[in-house]
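So for the sequence shown, full-length UniProt numbering puts the first residue at 1; every next one is plus one.
No lab work stands behind these hints, which were simulated from the structure alone. Since we're looking at a predicted model, the values are computed, not measured. No false leads were slipped in.
Mimicking DSS-like on lysine-lysine, the simulated pairs with C-alpha atoms at most 25 Å apart in a straight line are: (1) 146 <-> 176; (2) 282 <-> 257; (3) 282 <-> 227; (4) 289 <-> 332; (5) 131 <-> 148; (6) 227 <-> 237; (7) 282 <-> 332; (8) 193 <-> 176; (9) 103 <-> 218; (10) 148 <-> 192; (11) 251 <-> 237; (12) 192 <-> 146.
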Amino acid sequence: MPKHRQRNACDTAGKPCAAKRRRLKGSLQRVSDIPLDILLEIFSHLDPHDLLHLCRTSKSLRAILLDRSALSVWKSARRNLANLPDILVGLSEPHFASLLFDKYCQLCLANAKTSYVQWSMRTRCCDDCLKNIAIFTPVIPHELIKVKSIIPSHFSGVCREYYHVPSMISLTQEVKALPDEGNEFEDWYEDKKASLNVIEQLGEQCEAWLAARSWAHKVELGRIRQKRVDDVIGRLKELGWEFLIDRIPRKKIASHKLVAYSRPLTDRSWRKMEPAMVEFMKELQQRNKRLREPVRSMTEPGDTPGKYFSYESWTLDGEYNTFGPFDPDTRKLSDEEPSW
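Kindly generate the complete structure, drawing on both the sequences and the hints.
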């Protein structure tokens, strides 16, 4: 029995269907068809965070980016980030990028909400792994009592120090391999101590860099939100809502769920939200009540002789506000600011 072609909504309506969008996954798989030198040049203009995402996009991209020939790409990507500290000695570029930007625990591979970089151990841990006694323990082997200061560790919430078990196993083997005579133990100890100090100092620099980057990102998002609010207010004024906007708190519009986004306002997004915003302004207009007649005040001599300004008091949702100065002739906010 011949199979019938499945009908869809477009067939029944008699209207042409919109072309299906290509799947992003299929498009990225074709990236490997680009000449390798061009591909690496493109990748060198990205950030290490972007390269990490690309590594997890497809097997072909992962093979390209983790090959030794792509080492210069990772170095260029790291240099694209201003003021980023140098990479730790003995740490690969992808591993360094993962410590900085990934969020998952590198011990249990869980995508934890909170994870912490233990720079002395060169790994990122979640709360559960930090409390795992098989990984961190307060007990030190007898052989390592004298070298306790060079064992990677962290402090718990009760100010108790917990030591990294894999590091202790490695250090125990190194201590046992040292000869009993001579100064080799002292030299080995000083080298380990100096190396640990360098790692911890560089870790502090990386944490400071991440904190500054996070703060700059928050500031930029705040700037974008304020610009979006300004643009929405400008669009509403073009629709004739200037009188009401000048007599309600700015936060009433800024806190609207369609406005409080950290995304620029585009013509397309405004077309989608315009009906809802107009309805919202109508509701505000009904709730916004004038308390009394405008208070008229004259400017000081020397400003604009005989020029009056007015101030108006309104209540909205139980909140009292005073707005002005308004030009009594136009009833719009005045550009002239009284000097009293």
